[in-house]
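Trainee: Quick one: dock chain against chain with the hints and give me the complex.
Residue-level listing of the chains:
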Amino acid sequence: MTAYVLVGARLADGTATDLLLDGGVIAEVGSGLSRAGATRIDADGLLALPGLVDLHTHLRQPGGEGAETVLSGTRAAAAGGYTAVSAMANTDPVADTASVVEQVQALGEAAGYATVRPIGAVTRGLAGESLADIGSMARSRARVRMFSDDGVCVADPLIMRRALEYIRGFGGVLAQHAQEPRLTIGAQLNEGPTSAELGLAGWPAVAEEAIIARDVLLAQHTGARLHVCHLSTAGSVELIRWAKGRGIAVTAEVTPHHLLLTDRLAQGYDARFKVNPPLRADEDVAAVRAGLADGTIDAVATDHAPHPDDSKTCEWGAAANGMVGLESALSVVHQAMVETGLLDWAGVERVMSRAPARIGDIRGHGEPIGVGAAPELVLYDPSAREDFGLGRLAGASRNSPYLGRSLPGRVVATFHRGAPTVLAGAVLDADEVASRA
Amino acid sequence: MKHLLSTRDLDRATALQILDVAEDMAATQQREVKKLPTLRGKTVVNLFFEDSTRTRISFEAAAKRLSADVINFAAKGSSVSKGESLQDTAQTLEAIGADGIVLRHPASGAPAVLAGSGWIAASVVNAGDGTHEHPTQALLDTFTLRRRIHGDGSRGRDLDGVRVLIVGDILHSRVARSNVWLLSTLGAQVSLVGPPTLVPFGIGDWPVTVGHDLDAALADTAFDAVMMLRVQTERMADAFFPSSREYSSNWGLTAARFMVLPEHAVVMHPGPMNRGFEIASGAADSPRSTVREQVANGVATRMAALYLTLTGGAQ
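Protein sequences appear in the order of chains Z and W. All residue numbers for the first sequence refer to this note's numbering, where the first residue is 1 and numbers rise by one. All residue numbers for the second sequence refer to this note's numbering, where the first residue is 1 and numbers rise by one.
Worth flagging that the hints you see were computed from the coordinates, not collected in a lab. The beta-carbon is built from N, C-alpha and C at its ideal position, and this holds for glycine as well. Just to be clear, a hint being listed does not mean it is correct.
To be verified - Residues from chain W that face chain Z, not an exhaustive set, calculated with beta carbons under 8 Å:
id, residue
1, 87
2, 109
3, 113
4, 116
Stated by the list, open to error - Here are a few chain Z residues that face chain W, going by a calculated C-beta distance under 8 Å:
id, residue
5, 191
6, 196
7, 315
Chain W extracted, bound-state conformation (with noise of 0.2 Å):
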């Protein structure tokens, strides 16, 4: 695997080798020295053109843990008018010999641009490109939720049958994408819920069922993951939902709602929250909150993501 670019072109066999290495990497976290030699001589940069200090630092974490040299070259602008261009970028980063580029963007397809284009050799990891995925986020998820079902016997396994539900604003999510993609690809069921504005235009074909009312979603279906999606305030502005308290009221994992949902359901989200918009603290800091583990995981599978990249596995 030269990059990894989104989860809709992961197969399973691929996918299930990303979460099986994501295993073995975090169990050498468990050791008192959680540093590894695998990527030691190699430079990968973290190019954010996007701030995320979140998804950096675990990044920066995850390659550190792997002995590799590690530059953050946080960009600005997005086009050749407004500053550098991705490719005046990518090639600076080429000529300093960047192994791997780790790269967060603003403008969907921006790490399939610089893959495909023959400025670098170097590997490309997209974390973040616009509304389009978050395959990283995707695979800490569902490393997280296969270890919440699956528990010490996770390797090998997929996720058949298990339901998921995602809430919020589909239209604007990345992770959401990555997740719908991933998901199915593991065999779970997928269902999504938001308000009808920040649902997609044109999803017929996913593999997914949607839905606009979280309450009935909730009581149709005994789900085994909820999955709360980041909702930027401001998404009020531009006339996709009223207010913030009847969005909360019509699609926030509420105390009551959290209380309806089965015994054994987790409940996930990428971070940062909006507690008490999206996501009550109740259900938050409950132990069936994953949020937690989501972060710590993030770092393993990151390590998995940069060592499969940039060694191709072979070491």
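Bound conformation, chain Z alone (with noise of 0.2 Å):
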């Protein structure tokens, strides 16, 4: 296996080094580093984080390949700097037994751009009525820890309640989707100004404020561990402070969208920018930046949610929720959280890298760079700035909000396992990187 030298690169403490990958491990960190055989990568003025875990992907496959399939969404991560995702079970089958969770991590490996971990289904189809396979998947060779019926609430406390419990028994965390049935039925947008405005039905932020509030207490009352997917509200942040502070087991993850965009966006009625939960008010922006940056929100995910063109271009009623974010992402926390003197690199090294490889068990990521750290690793150009294009997409799908919108930085390299998936910016051949998974 070739050995890599990075050449100057910058940590996120400011330090500049060299880092040598070697036999599987990031073998040296110095300066004036050389190996005999060893590719030279010259990383002056570039940013090394370990590299980005994300939480919260949708890979589409099985079912859905139209929109993505587990080799697209990776090469997609791999554009974007990731070289972990977790895999949403809302696929066709749902991913609510070992085999299908077996098969998802498997074509991960066989794609070899990133570490794909399977999160398996809390309930049967994603019905809210029985559960899923739970233990089964836990014990596959999938390893699942995860558990998340993502895209719906696990509504029924009853339910939620006896997953908790279960899911606790195999030291796994339920990743909830919190939002209140009743009150989001026909829901198109944030309910304020701009859905009173357009006629769309409110999606208001008190249905899942209420969920957060129930399923904190329900964490509490069973001693389980709760992960709140893509929080929206300034409400939630409190919610979650509140939780934390009383010392329940509660993580929150918020997406990079609702971190920079607004529901003015959708004054146009441009479905791109439709997604669940919707993008929300200005104050509620401030209040998860601000929630990220004092660690009571712990992580960014993603959601990366790739839809077809003829889901998105059509009227906003008709489309699909959802936005491809992979990409974007490392860009997206620079503009909302660096650029705003929220968080420093090495913030971002935890939420977008530690944390959640911590909060998912992904082993093998998140590693702080050193001797004998993982081998896992982004370089950032954090200087550049330009108009997001369709260049910059390298998954099955186009459903971007940031396309024409400027942004600062870019990904030149990711490493995943000691080898480049992504080099100079672009996104290495499917071949040579299956080559050697």
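Mentor: Laid out in structure tokens, this is it:
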């Protein structure tokens, strides 16, 4: 296996160093590194971070291959600097049995672009009525540790309680899509001035907050671990802050789009901005940024949700929810959190790599860069700025809300298991990456 | 004016231009021969994804009086999965050679999506989209009100200081939204009254006063016009209000409330009316009711809208 020397990279703490990747680890850290036969990569001026880890990725396979596959989705991940992704369970068939999660994990291994950690469904068929094969998935080769019905909420309080208790027995975590279904019938957009003017049925903040409030109390009662997916409102941040203050085992994620975009973007009914939970108001954006900065929110997760063009180029009500996010996430966090002074790069490393790896129990990822650490890395040029274009998208779908928007930074290289998946800003050829998988 | 999508984006000058052209069109409708050659050779498609015979025949009459060829297209379904997509349907009409598309659609924003899509070169006139807007209804309401107030001297006049009360299901009403914006742009003072469940969340910035007590509103203000909205009785099933009787007694324009109105006040309703529910027959059939005028003025107003969007007002 080829060794790599990354020359002159800057770590999150600001120190400049060379990094030698060899033998399946970061073998040496220091200046003036060299090794016979090693490929030298000029990293001068580039930021080196541990490979990014996503807790919330829709890879769509099996069943939704028209929008994304494990291969195309992990190419998108690599393009965005990710070395591990968590594949959501809302596929067709649903990932509610050991065979589906093992298949998804195997597809990830075969593609070789990133570690794919399948998320198992909480309830059979995501129907919210009976538990999925949680134990079988946990003990399968896929070793599932995170369970979620994402896309729909585990709304029944008794099923939620049982699921929290049962998953606790396997050392897992339940990732909840917090959406009170009765309060969001037909909901299309954040309930507020924009939904009122546009005549789109409102998705009120309270529908998210009511579920989070209930769930943190259930987590307290059962002693189970709860993870809150794509938290989006100011009130939700307050609830998580309160729960953590009480010592409840809860973690939370926020998406890049909820850190940057607001519901006003729906003004032209451009369905690229249709997402669930919906884009919120300015005060919500400020609150989730503050919550991420102070650690109330643990992680950034993309909720990468690919859709074919015809699911988005239609009237708002008929359009699918979701946006692709893997390729743009680091640039969006850069703009929303770093340029605003709310996080430094060590903070970005925490919320985009270390914390998600810990929450998802994704081993071999999210380790601080140092001798002996896993050779999972991203090299990022923070000085770049450009209009985000189609050329930045590497997955199978194009439903990015950032197309045409100026964003800072650019991923220059990604290393997964000690070998590049992206070099000079270009995703490497699938055959080449697969051949070493 | 290439498209007519909403009243929210109409400025005062453009709104007055449409109303004044509608006056011209209305004048031609008094002649023995009502037909004008203005849109000869143009094709107007009434593309209705939602049934509305009234609105469709009003647009059809308007287009025919301007000598346009009219195609009525009743499309089914509103999404890719449930039938024809908006894109496929629109591109079919484009291929047929439509110059104007009058679109009625159950999804808010569908006309804006169609106009901005690049799928078609035709003009788009919004004939009601979901719970968003119904701009020609507001234009014909305003036209009717302006005539009642200013009579033959209506041309060029706005509604400065005119007090209008809109009553009923504001939440689901595209008519209410379009009227709020247009009436405000023309200087009217707009009040909204309805059950708290049927007033949208987040309208604090709208240029209106909002209340829930109809009797208090009528006692407070000498309104020049009261516009009653159609209320779907099915809303009861969704717990927006408890019963039709309770709705009617609190928010209906009953005979007693009609008596309280100032002498000069007019009663408006976009139709079709639920008599005895949101409006008493005595009010609906009184000389102060504009319901039938609204229908007649609808043709003239839609003639103006089609003329201005299809020709840009150049001919």
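Trainee: Take the hints in turn and mark each one as holding or not.
Mentor: Verification of the hints:
no. : hint : result
1   : 87   : holds, 6 Å
2   : 109  : holds, 3 Å
3   : 113  : holds, 5 Å
4   : 116  : holds, 7 Å
5   : 191  : holds, 5 Å
6   : 196  : holds, 4 Å
7   : 315  : holds, 4 Å
No hint from the list above goes unmet by this structure.
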